[in-house]
Structure formats: C-alpha cells, structure tokens
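Trainee: Sequence:
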Amino acid sequence: MFHRVWSQIYRLLYLPSHIIIEGDPIDIIIGRNCYFEKGVRISNKSGGKIEIGENNVFLTGVILATYGGAINIGNNCSFNPYCVIYGHGGLWIGNYVRIATHTIIIPANHIFESRDLPITKQGLTKKGIRIGDDVWIGANVTILDNVIVGKGCVIGAGAVVNKNTSDFGVYGGVPSKQIGKR
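Going by full-length UniProt numbering, the residue at position 146 of the sequence shown is 146; the numbering climbs one at a time, nothing skipped.
These are computed hints drawn from the structure, not numbers from a lab. From a predicted model like this one, the values you see are computed outputs, not experimental measurements. In this text, a Cβ means the ideal position worked out from N, Cα and C, and glycines have one as well. Be careful, since some hints might not be right.
[What the hints assert, rightly or not] The calculated lysine to any residue pairs, modelled on SDA-like cross-linking and capped at a C-alpha distance of 20 Å, are: (1) Lys38 with Glu54; (2) Lys177 with Ile104; (3) Lys151 with Ala100.
[As the list claims (entries may be wrong)] Just the calculated beta-carbon pair ranges, DEER-fashion: (4) Ile111 with Arg32: 17 to 25 Å; (5) Ile179 with Arg41: 15 to 23 Å; (6) Val174 with Thr60: 24 to 32 Å; (7) Asn55 with Gln178: 28 to 36 Å; (8) Pro118 with Glu37: 34 to 42 Å; (9) Pro25 with Asn55: 20 to 28 Å; (10) Gly68 with Ala139: 23 to 31 Å; (11) Leu117 with Thr60: 37 to 45 Å; (12) Pro81 with Asn55: 37 to 45 Å; (13) Tyr96 with Thr60: 19 to 27 Å; (14) Val160 with Pro25: 32 to 40 Å; (15) Arg32 with Thr120: 38 to 46 Å.
Could you put the whole structure together from the sequences, leaning on the hints where they help?
Mentor: What follows is the structure, encoded as structure tokens:
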C-alpha cells in the first residue's frame, strides 16, 4: 500500500506536465527515474492497470493504452519515438528491453471466422504477450497476440512476430523466422 501511495505522490510531483495521462491515476504506477519526452500518452481510460518499473525512457509520441488489460514494464527499458503499446490481453515486458521507433505491440486480434457477421461484431482474442529480459526489438516491428519473445532475442527491423521465439534467437521477416543465434 505504501509503495502505491508513494508512486502516486511521486508521479504528481515529478512528472513533466507535457505527458498526457488519461484514466484512473490510482491504477497507473510509475517507478523512479523514468524519463518522458513531450507527447507521451499513458491511458487506462478503458480500465486496466499500468505498472512501469524504474529507469525507463519514453521518447516522443509513445502510446501506452490498456484497453481494459494490463501493461507491466520492467526496469531499464527504452521506448523510441512513436511506439504503440497496447494491453488488451495483458502485456509483460522484462528488464533491459530496447524497443525501436514505430514498433507496435498488440496483445489482441480480431476474430474473423464468420462470413455472416461483420468482423467488428465477432470479438477479439486477448491471450497476451510476454517479452523476456535483454531483448532488442528493431524499428517498425509488429508483435501480435499470443506470443512469447524469449530472453535475449533480437527482432530485426520490419518483422511481424506471430509465433513464440526461442531464447537468444535472432529473428526477421514477415512472418518472422529465426535467422540466427546470439
């Protein structure tokens, strides 16, 4: 309880006013020594929780939006400009994760099995995404629902990750496939 209260006091006193925070601030916890550039948006207005560890960097235009799920970010991570990070089915990001510009992480997917219903009326899968420690995600990567990115992975620029990756693997392509090991 003390940690939650202190996190809220810290956030209110030390976060720059140019960060856009939407939703219930009691469910947005931000650790110490985080850096936020102008235009970062943190939203849980659809419900859900956001927990950000310590020593993280969020550059211009990053969006963190729960869409009713949870976003949990470890320590010492960086999010470069215009990353879109959603939480629908739950998102867990480990420590020392580097995410390059224009990356999209979406722990949800549209269901489209029926031809008799519009896709928008068929619902979503919300299985979640887990990203291990010490991962580097290149520019313009998309990570889709129901994926585990293994510890120490490198995901090459432009990849679409739709399946689990092995620890310390190097992946690239659309859809992504293993192209090496660290």
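Trainee: Next, verify each hint and record whether it holds.
Mentor: To see whether the hints hold, each was checked on the structure:
Taking the CA atoms of Lys38 and Glu54, the gap is about 19 Å. The hint holds against a cut of 20 Å. Taking the CA atoms of Lys177 and Ile104, the gap is about 18 Å. The hint holds against a cut of 20 Å. Simply put, Lys151 and Ala100 have alpha-carbon atoms about 17 Å apart, close enough for the 20 Å limit, and the pair holds. Look at Ile111 against Arg32: about 41 Å separates their beta carbons, and that is not inside 17 to 25 Å.
Checked against the given bound of 15 to 23 Å, the beta carbons of Ile179 and Arg41, roughly 34 Å apart, lie outside it. At about 27 Å, the CB distance of Val174 to Thr60 agrees with the hint of 24 to 32 Å. A hinted range of 28 to 36 Å for the beta carbons of Asn55 and Gln178 is consistent with their spacing of about 30 Å. Distance hint check: the CB atoms of Pro118 and Glu37 are about 39 Å apart, consistent with the given range 34 to 42 Å.
Range check, Pro25 to Asn55: Cβ separation about 21 Å, and the 20 to 28 Å hint holds. In this structure, Gly68 and Ala139 meet the distance hint of 23 to 31 Å, their C-beta atoms being roughly 28 Å apart. Checked against the hint of 37 to 45 Å, the C-beta distance between Leu117 and Thr60 comes to roughly 39 Å, which is consistent with it. Range check, Pro81 to Asn55: Cβ separation about 19 Å, and the 37 to 45 Å hint is violated.
One distance hint, 19 to 27 Å for the beta-carbon pair Tyr96 and Thr60, holds here, with the actual separation near 22 Å. Checked against the given bound of 32 to 40 Å, the beta carbons of Val160 and Pro25, roughly 34 Å apart, stay inside it. Between Arg32 and Thr120 the C-beta distance comes to about 41 Å, which sits within the given range of 38 to 46 Å.
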